[in-house]
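Each protein sequence line maps, in turn, to chains A and B. Sequential numbering from 1 applies to the first sequence in full-length UniProt numbering. Sequential numbering from 1 applies to the second sequence in full-length UniProt numbering.
Hint data in this document are derived by calculation from the structure and do not stem from the laboratory. Keep in mind it's a predicted model, so treat the numbers as computed, not measured. We treat Cβ as the ideally placed atom computed from N, Cα and C, and that holds for glycine. Careful, some of the hints might be misleading.
Counterexamples of contact, computed for chain B against chain A with all Cβ distances above 12 angstroms [said to hold, decoys possible]:
hint: 1; residue: Thr104
hint: 2; residue: Arg129
hint: 3; residue: Met202
hint: 4; residue: Ser282
hint: 5; residue: Ala314
Distance ranges between label pairs, derived from CB positions [claimed, not checked]:
hint: 6; chain 1: B; residue 1: Ser159; chain 2: A; residue 2: Arg34; range: 36 to 44 angstroms
hint: 7; chain 1: B; residue 1: Arg264; chain 2: A; residue 2: Arg184; range: 27 to 35 angstroms
hint: 8; chain 1: B; residue 1: Asn185; chain 2: A; residue 2: Glu286; range: 27 to 35 angstroms
hint: 9; chain 1: A; residue 1: Gln210; chain 2: B; residue 2: Pro105; range: 48 to 56 angstroms
Looking from chain B toward chain A, a few residues come up when the C-beta cut is under 8 angstroms (computed) [what the hints assert, rightly or not]:
hint: 10; residue: Tyr78
hint: 11; residue: Gln118
hint: 12; residue: Lys119
hint: 13; residue: Phe155
hint: 14; residue: Ile257
Number of protein chains: 2
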Amino acid sequence: MASRREVAELAGVSEATVSRVLNGVGPIREETRRRVLEASERLGYVPSALARSFARSKSGNLGVVLPYVPKAHLFSAYFFSEMLSGIGSKARDNGLDLLVMFQTPGEVMNYTDLFRRQKIDACIILGARYDHDELAAIQQLDREGHPFCVMNQHFTGESFFEVDADHVEGSRLAIRHLTDQGYRNITFLNGPYSYSNSQERMEGVRLGLQQAGMELDPSLLLEGNYSRRSGIEAAAIIAERLHEIDAVFAANDRMAIGVMHGLRERGVRIEDFPAFVGYDDSDAAEMAVPALSSVRVPFFEMGEIAVSKLMHPAEALQSPRTLLPTELIVRASSSSRFRA
Amino acid sequence: MASRREVAELAGVSEATVSRVLNGVGPIREETRRRVLEASERLGYVPSALARSFARSKSGNLGVVLPYVPKAHLFSAYFFSEMLSGIGSKARDNGLDLLVMFQTPGEVMNYTDLFRRQKIDACIILGARYDHDELAAIQQLDREGHPFCVMNQHFTGESFFEVDADHVEGSRLAIRHLTDQGYRNITFLNGPYSYSNSQERMEGVRLGLQQAGMELDPSLLLEGNYSRRSGIEAAAIIAERLHEIDAVFAANDRMAIGVMHGLRERGVRIEDFPAFVGYDDSDAAEMAVPALSSVRVPFFEMGEIAVSKLMHPAEALQSPRTLLPTELIVRASSSSRFRA
Numbered sequence: 001m002a003s004r005r006e007v008a009e010l011a012g013v014s015e016a017t018v019s020r021v022l023n024g025v026g027p028i029r030e031e032t033r034r035r036v037l038e039a040s041e042r043l044g045y046v047p048s049a050l051a052r053s054f055a056r057s058k059s060g061n062l063g064v065v066l067p068y069v070p071k072a073h074l075f076s077a078y079f080f081s082e083m084l085s086g087i088g089s090k091a092r093d094n095g096l097d098l099l100v101m102f103q104t105p106g107e108v109m110n111y112t113d114l115f116r117r118q119k120i121d122a123c124i125i126l127g128a129r130y131d132h133d134e135l136a137a138i139q140q141l142d143r144e145g146h147p148f149c150v151m152n153q154h155f156t157g158e159s160f161f162e163v164d165a166d167h168v169e170g171s172r173l174a175i176r177h178l179t180d181q182g183y184r185n186i187t188f189l190n191g192p193y194s195y196s197n198s199q200e201r202m203e204g205v206r207l208g209l210q211q212a213g214m215e216l217d218p219s220l221l222l223e224g225n226y227s228r229r230s231g232i233e234a235a236a237i238i239a240e241r242l243h244e245i246d247a248v249f250a251a252n253d254r255m256a257i258g259v260m261h262g263l264r265e266r267g268v269r270i271e272d273f274p275a276f277v278g279y280d281d282s283d284a285a286e287m288a289v290p291a292l293s294s295v296r297v298p299f300f301e302m303g304e305i306a307v308s309k310l311m312h313p314a315e316a317l318q319s320p321r322t323l324l325p326t327e328l329i330v331r332a333s334s335s336s337r338f339r340a
Numbered sequence: 001m002a003s004r005r006e007v008a009e010l011a012g013v014s015e016a017t018v019s020r021v022l023n024g025v026g027p028i029r030e031e032t033r034r035r036v037l038e039a040s041e042r043l044g045y046v047p048s049a050l051a052r053s054f055a056r057s058k059s060g061n062l063g064v065v066l067p068y069v070p071k072a073h074l075f076s077a078y079f080f081s082e083m084l085s086g087i088g089s090k091a092r093d094n095g096l097d098l099l100v101m102f103q104t105p106g107e108v109m110n111y112t113d114l115f116r117r118q119k120i121d122a123c124i125i126l127g128a129r130y131d132h133d134e135l136a137a138i139q140q141l142d143r144e145g146h147p148f149c150v151m152n153q154h155f156t157g158e159s160f161f162e163v164d165a166d167h168v169e170g171s172r173l174a175i176r177h178l179t180d181q182g183y184r185n186i187t188f189l190n191g192p193y194s195y196s197n198s199q200e201r202m203e204g205v206r207l208g209l210q211q212a213g214m215e216l217d218p219s220l221l222l223e224g225n226y227s228r229r230s231g232i233e234a235a236a237i238i239a240e241r242l243h244e245i246d247a248v249f250a251a252n253d254r255m256a257i258g259v260m261h262g263l264r265e266r267g268v269r270i271e272d273f274p275a276f277v278g279y280d281d282s283d284a285a286e287m288a289v290p291a292l293s294s295v296r297v298p299f300f301e302m303g304e305i306a307v308s309k310l311m312h313p314a315e316a317l318q319s320p321r322t323l324l325p326t327e328l329i330v331r332a333s334s335s336s337r338f339r340a
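Please take these sequences and the hints and turn them into a complete structure.
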């Protein structure tokens, strides 16, 4: 079957323009519209299922559901903004507009109503956590056959379209990196357990320690809420035990940097810092002093892939859950050279 | 509550004129506009055009236009994400959904088509820059009387709804802070001049130097593009002249931090850094080492106010342009204590 690119070439327009025409998402000059339609007809190009549904003049909007936390400056949280950037980029290439919707925690989203009212033709759910009602709402969405994709959260036993990263492996890599350098008393500052992400990180930590012939010391396990503030709070506990704690692995960069700040506030000099490994590999990791080693998560690509799954459900059905690889980026904060 | 007819009678105009004035539908003779506003105020008639349009069951979507730069991870740019957070928060309070749309640089947005197709009922334009075609498109939007608001960009001579911050004063404060501490050779790393923001910063720098009895040394004026990369590039030039340059004022934090990195890469020790002042007061400023002094811009509040203007055009018409105050946050990077 002809590809969108071939149609674009024959019509002498960009692929995005082809999509905009075939999805009926204007504005498009009549002349351009005609050329694209002729080209796709000549090549027998059949746009993806979702694209066709858009062509049947639906809303042309891709819904993105975000958890709403007042004053939380949500878009500023690195991983949301990166995923949104990837989603936005891909959506635009397909001539779709993004309808951003906020979900009040505890309040269940009426997803199906959004489809019935034709506000959206497909949706991506970000920041979901394990919750009975939330799951029920998503299951209904599934039963009614609306195209949707869950990002960064896994619902065990369901076959929803999901895009996530391998947090078990990412955490295992972080721990092995530390144990390989001889660190023994590693504090793990995790996030809330209601996120499958936090559970996976815990699993990776256990696995990493086990492979190094060690066990998780419960007294070295701390829980924050992924905010920098909670890292600063954890620093109070870590500072007290600096004589024994020689490394800190935090479930995201913000908490790791919060711990660094907390220690600095308590007069601990950089040279006396424990080794640090963060998670997300956000801009902040590179800018931290010492530069923060961190587990890189391809958030932008995850966003692009979520949109692709919705544009090509047939292929997506063959592997509903996409798990992207994570990678450890080693910087000064955990390199032996820095310790010496 | 008073009716539109009563307002029309008191103002001695037709009801249609009342609507055109209160809905911000130009052009209207100033005299007429004044009479209608006075009458509606006297009678306590404060309609919300947007609320009414939603009542007439339109899309229920508030459009947000963002410049599209492939792979630029747009939402990750602090000031866009903060403004979006403010917009999203206020939109949600008013039961509106956000329709995020991307504008390809160079390609002119067909705003009015979005309204005609009822995809949006009002829109907020972010990241606009001075460009003839762009201005023409916005002027048409204005002529057709669609509610819209421009953020962080000023179009001289127009009476669009605009929400911006006082960048002249913010830059003046930064410069005075440096000159007051005896810094004399201050490098100013500005952004592209096509943004009114950059022009306003330049004006503030001139003013600050003037008040200190100094003049802008053209050889100390550098231009970046607001990216960290461009700051790292500027560091090459600054490093060469470190013997004379004693302070750096950058038009945003990313560039300031880029310069710090560039200097560090060249082996310049923190103790030998020139004084630094950034702009935006992003999370990065607080996390930088040394902590970066910066001009705080209330992006989140700017977003909230933009939505409020659209919800209450009657009040907004009385002062179409809202300019929020900026504030200098002094941290280690520019404090004398740190230099000593």
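### 12 angstroms cut-off, C-beta based - Thr104 (chain B) kept clear of every residue in chain A
At about 8 angstroms from chain A, Thr104 (chain B) fails to clear the 12 angstroms cut-off, so the statement is violated.
### Query
Under the criterion of a CB-CB separation shorter than 8 angstroms, is Lys119 (chain B) in contact with chain A as hinted?
holds (7 angstroms)
### Message
A closest beta-carbon separation below 8 angstroms is what the hint needs, so does Gln118 (chain B) meet it against chain A?
### Response
violated (10 angstroms)
### Task
Over 12 angstroms to the closest beta carbon of chain A is the bar; see if Arg129 (chain B) clears it.
holds (19 angstroms)
#### Entry: Range agreement (Cβ of Glu286 (chain A) with Cβ of Asn185 (chain B), hint 27 to 35 angstroms)
Check passed, 29 angstroms falls within 27 to 35 angstroms.
### Query
For Met202 (chain B), is the shortest beta carbon distance to chain A beyond 12 angstroms?
holds (26 angstroms)
### Task
Let me know if the C-beta of Tyr78 (chain B) comes in closer than 8 angstroms to any C-beta of chain A, holds or violated.
Because about 7 angstroms separates Tyr78 (chain B) from the closest Cβ in chain A, which is inside the 8 angstroms limit, the hint holds.
#### Entry: No chain A beta carbon within 12 angstroms of Ser282 (chain B)'s
violated (9 angstroms)
### Message
I want to verify a distance hint. Is the separation of the beta carbons of Arg264 (chain B) and Arg184 (chain A) within 27 to 35 angstroms?
### Response
Since the Cβ atoms of Arg264 (chain B) and Arg184 (chain A) sit about 31 angstroms apart, the hinted range of 27 to 35 angstroms holds.
### Query
Range hint 48 to 56 angstroms: satisfied by the CB atoms of Gln210 (chain A) and Pro105 (chain B)?
The hint (48 to 56 angstroms, Cβ to Cβ) holds, given that Gln210 (chain A) and Pro105 (chain B) are roughly 52 angstroms apart.
### Query
So is Ala314 (chain B) really clear of chain A, every C-beta pair being over 12 angstroms apart?
At roughly 27 angstroms from the nearest Cβ of chain A, Ala314 (chain B) sits farther out than 12 angstroms, so the non-interface label holds.
#### Entry: chain A contact restraint on Phe155 (chain B) - CB to CB distance below 8 angstroms
Hint violated; Phe155 (chain B) Cβ to chain A Cβ min 22 angstroms, cut 8 angstroms.
Checked against the numbered hints given earlier, the structure breaks hints 1, 4, 11, 13 and satisfies all the rest.
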